[in-house]
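Peer 1: Chains as they are written, first to last, in this note's numbering: chain X, 43 to 214; chain F, 38 to 628.
Among the clues, some could well be false.
[Stated by the list, open to error] In silico DSS-like pairs for lysine-lysine, Cα to Cα no more than 27 Å straight-line:
no.	chain 1	residue 1	chain 2	residue 2
1	X	114	F	346
2	F	231	F	39
3	F	610	X	54
[What the hints assert, rightly or not] Some chain F residues flagged as far from chain X (calculated, every beta-carbon gap over 10 Å):
no.	residue
4	155
5	341
6	373
[Said to hold, decoys possible] Stretch by stretch, here's where chain X covers chain F in the computed footprint (C-beta under 8 Å, at least three residues):
no.	region
7	157 to 167
8	217 to 230
No lab work stands behind these hints: they were computed from the structure. All values derive from a computational prediction rather than experimental measurement. From the three backbone atoms N, C-alpha and C, an ideal C-beta is built for every residue, glycine too.
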Amino acid sequence: MEHIISVTVENKFGVLSRIAGLFSGRGFNIESLSVAPTLDPSMSQMTIVTSGDERIVEQIVKQLNKLIDVIKVVDLNESDFVSRETALIKVHTRQEDRAEALRIADIFRANVIDSTPATYTIEVTGDPKKIEAIINLLQPLGIKELTRTGRVAVAREPLRFSAAQPKKVARE
Amino acid sequence: MKLTGAEIFIECLKREGVKTIFALPGGVVLKIFDMLHQQKDIEVVLTRHEQGAGHMAEGYAKATGKAGVCLVTSGPGMTNVITALADAYMDSVPLVCFSGQVPTSLIGNDAFQEADNIGLSRPCTKYNFLVKDVNELASTIKEAFYIATTGRPGPVLVDIPKDVSMEKAEFNYPNSVSIRGYNPTYDGNKWQIKQAAEAIMKAKKPILYVGGGVIFSGASQELIELAELTQIPVDMTLMGLGAFPGEHPLSMGMLGMHGTYQANMAMHYSDLVIAIGARFDDRVTGKVAEFCPHAKIIHVDIDPTSIRKNIHVDIPIVGDCKAVLRELNQILKATVNGEQKELRKAWWDQIREWERAHPLSYQQETDGPIKPQYVIKRLYELTKDRDPIVSTDVGQHQMWAAQYFKLAKPNRWLTSGGLGTMGFGFPAAMGAQAAFRNRLVLCIAGDGSIQMNMQEMATAVVSKLPVKIIVLNNRFHGMVRQWQDLFYEGRYASSYLDTTPDFVKLAEAYGAVGLRAGKVGDLDGVLKEAIAIEKPVIVDVPTYPYENVYPMIPAGGCNHQMILEDPPELKNKQAGVGQASPKDSDTILTA
Ligand SMILES: Cc1cc2nc3c(=O)[nH]c(=O)nc-3n(C[C@H](O)[C@H](O)[C@H](O)COP(=O)(O)OP(=O)(O)OC[C@H]3O[C@@H](n4cnc5c(N)ncnc54)[C@H](O)[C@@H]3O)c2cc1C
Ligand SMILES: Cc1ncc(C[n+]2csc(CCOP(=O)(O)OP(=O)(O)O)c2C)c(N)n1
Ligand SMILES: [Mg+2]
């Protein structure tokens with residue numbers, strides 16, 4: 043099953059390779075990983091999308107916690123969360139397709155952020171399903187390039203450190 | 038006052054109480070060596086290979102319980118020490134390894150003898166640091182020792198570029214360390230401990246399964262108290278040997294692939310497994326799906342990742358063995374009564390029956406070839422009064438040492454379990470000897486393994502580390518040969534070593550003493566002679582080459598299904614060959 047894990051880490055040289063090394067060294071799946079500084083510049087926030095059965099995800103959370111540069115690990119699947127991903131899609135547009143491209147972008151509340159005589163670059167944000175959907179519709183026009191950010195996610199309400207899940211939230 | 042990086046390095050080590058380091062110089066660490074040369078508080082043992090330095094630091098750490106320290110140069114110095122770091126990582130040995138690095142301005146330029154030390158060591162260290170600024174050197178070293186020795190111990194690397202060792206900074210050694218992402222849990226959850234106590238009170242067939250964690254934690258006394266109070270039998274892992282006295286009536290000896298019959302049967306049929314500082318390694322669990330099918334499992338471990346990694350656990354307790362056992366014993370002391378004895382009578386009857394049915398055994402004829410088990414048994418009996426420290430290499434001899442050398446106390450057993458590193462034994466013994474100059478330190482070695490770090494004999498002689506090496510010389514990679522006989526129809530692919538070198542002459546070439554015990558009747562005399570010599574000694578003992586280690590649970594097999602002796606076709610084959618040294622299976626079959 044897919045899990046989204048939010049990891050707060052030291053904003054230091056080499057931390058990303060420790061996390062990546064953990065996943066590759068132990069054969070854990072990693073579907074996407076995004077990272078950026080937090081309000082406190084000494085920390086970074088990572089969102090890792092991974093998958094595995096309960097036992098594997100428990101190990102992933104514990105192994106992440108064990109890393110010395112990791113400050114906090116939250117398995118967001120333990121609660122309600124919202125997640126978003128952004129994609130930049132450069133569509134090849136012949137004259138007759140340009141209106142169609144704009145129409146599709148409009149339906150998905152996507153923005154055209156760049157245009158040339160032969161292309162539009164469309165920015166779309168949403169959950170993975172929405173992004174898949176717009177890609178499917180734009181594909182017939184001809185997608186020249188596509189980059190996706192990977193998902194970022196946040197819990198819907200402040201997580202309570204409830205007795206039922208101390209292992210997942212706090213460091214052991 | 039301002040000090041250079043090299044001086045800061047030395048001041049830090051002194052404040053950590055380091056008395057000995059194991060080291061080999063090179064260009065980028067010359068400044069550090071130069072300063073070490075000009076002081077007297079820290080002894081430098083110059084090794085002949087960086088792998089040796091790493092294992093010596095491990096032996097030092099295992100025998101003392103403190104962090105072992107080694108120092109190597111950049112590039113090849115670093116790559117050479119990797120095996121020892123990986124070994125320490127697998128066996129949770131506290132180690133601080135300092136490596137030299139090219140000057141910070143050259144990092145990343147493929148400079149002479151540059152290697153990505155941080156990248157190389159990342160998967161085999163608990164943590165690693167590149168010190169880019171001399172002002173951070175002291176606090177980094179403090180953190181390195183702290184991380185290596187707290188929580189689940191492990192190796193830490195500190196990479197010091199050449200310019201950092203030369204530049205100056207104000208020296209301030211921090212008194213304490215606080216790392217926000219690192220806070221090991223020592224006290225176990227009280228409620229969980231209570232659950233464990235209740236389960237222990239109710240169990241009809243409980244078994245203690247204890248490992249290296251008890252030794253790291255210094256919890257042997259608490260373990261003995263628990264076992265005696267509750268009269269629960271004790272199984273030890275290879276790494277846990279010495280945590281509980283080997284001759285104690287409650288000791289079942291080692292469990293696992295080459296564990297005793299009673300230890301493995303007791304695990305399999307138990308209704309409550311109490312795992313303390315052990316990590317359910319596959320050499321112990323065998324086939325996971327059929328592991329302890331009737332048992333509830335309590336698991337005490339300081340590292341949450343050890344819990345439920347391989348095996349489902351019913352009562353997990355994250356904490357330090359000593360703290361948890363103290364708490365547990367306190368509860369049990371108030372509740373244990375005569376009833377448990379009654380409840381478990383049938384269990385003990387069963388265990389004693391298992392012990393009688395299949396004790397460890399071998400046959401030594403007085404005029405026949407020397408059996409390896411006999412050598413260990415005699416060595417044990419001749420030295421046990423001197424409370425020796427015993428190291429081993431990796432292979433059959435290691436397993437026989439584990440079975441027959443009954444350790445009475447912790448921190449006397451140096452062996453490579455997780456990585457199984459041939460060549461570990463001799464340097465590890467030297468590291469222990471460097472820590473305890475006046476103790477008897479024995480290294481039980483194989484003729485294959487000993488050759489992997491033989492060069493350290495020069496170190497032993499020059500640095501006066503009078504380790505006694507007993508080579509169980511079967512002319513084979515015996516453990517490999519055993520698998521070939523059992524699972525590869527006796528095809529000895531690359532397992533026969535022949536009779537070279539002459540270990541007696543080799544010892545002499547280094548300025549050490551070489552002895553040989555060729556006959557059963559000579560053994561005691563030669564061993565006694567070796568122990569009395571105040572120099573490093575190699576005792577070469579040619580042993581019967583086809584002896585196999587039993588019991589044996591085949592890889593992926595189930596714990597109660599042990600092979601207890603040679604299968605008939607093997608017995609017949611061996612009957613014909615005596616002590617011949619075959620080049621391949623054809624010779625043995627036609628001999
Ligand atoms: C040829 C060969 C054959 C082998 N055969 C066997 C065999 O038959 N039987 C056998 O048992 N092994 C055998 N081994 C060794 C095996 O591979 C493992 O190394 C061993 O079983 C692990 O021992 P352990 O569980 O005690 O764990 P260790 O590696 O000693 O780990 C210690 C555990 O304790 C925890 N810990 C550390 N400090 C503390 C503390 N303060 N408080 C609480 N917990 C702590 C750690 O987190 C870890 O989980 C063999 C090895 C070789 C090379
Ligand atoms: C560095 C290393 N290489 C290879 C192995 C695989 N291996 C395990 S035991 C063994 C044979 C050991 O031979 P020896 O030291 O003579 O011991 P014996 O089994 O004969 O007692 C080998 C090759 C290993 N454990 N370590
Ligand atoms: Mg051998």
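Peer 1: Now, for every hint given, state plainly whether the structure supports it.
Peer 2: Hints, one by one, checked against the model:
Under the criterion of a C-alpha separation no larger than 27 Å, the hint pairing residue 114 of chain X with residue 346 of chain F is consistent with the structure, at around 21 Å. Using a Cα cut-off of 27 Å, the hinted pair residue 231 of chain F and residue 39 of chain F is violated, with the two alpha carbons roughly 55 Å apart. Taking the CA atoms of residue 610 of chain F and residue 54 of chain X, the gap is about 63 Å. The hint is violated against a cut of 27 Å. Once the 10 Å rule is applied to beta carbons, residue 155 of chain F is inconsistent with being away from chain X; the minimum gap is 6 Å.
Residue placement check: residue 341 of chain F does not keep its beta carbon more than 10 Å from all beta carbons of chain X (closest about 4 Å). Chain X leaves residue 373 of chain F outside its interface by the beta-carbon criterion, the shortest separation being 30 Å against a cut-off of 10 Å. For the region 157 to 167 of chain F, the proposed coverage by chain X is satisfied: 5 residues have a C-beta within less than 8 Å of a C-beta in that chain, meeting the threshold of three. Under a criterion of three residues with beta carbons nearer than 8 Å to beta carbons of chain X, the stated coverage of the region 217 to 230 of chain F is upheld, 5 such residues being counted.
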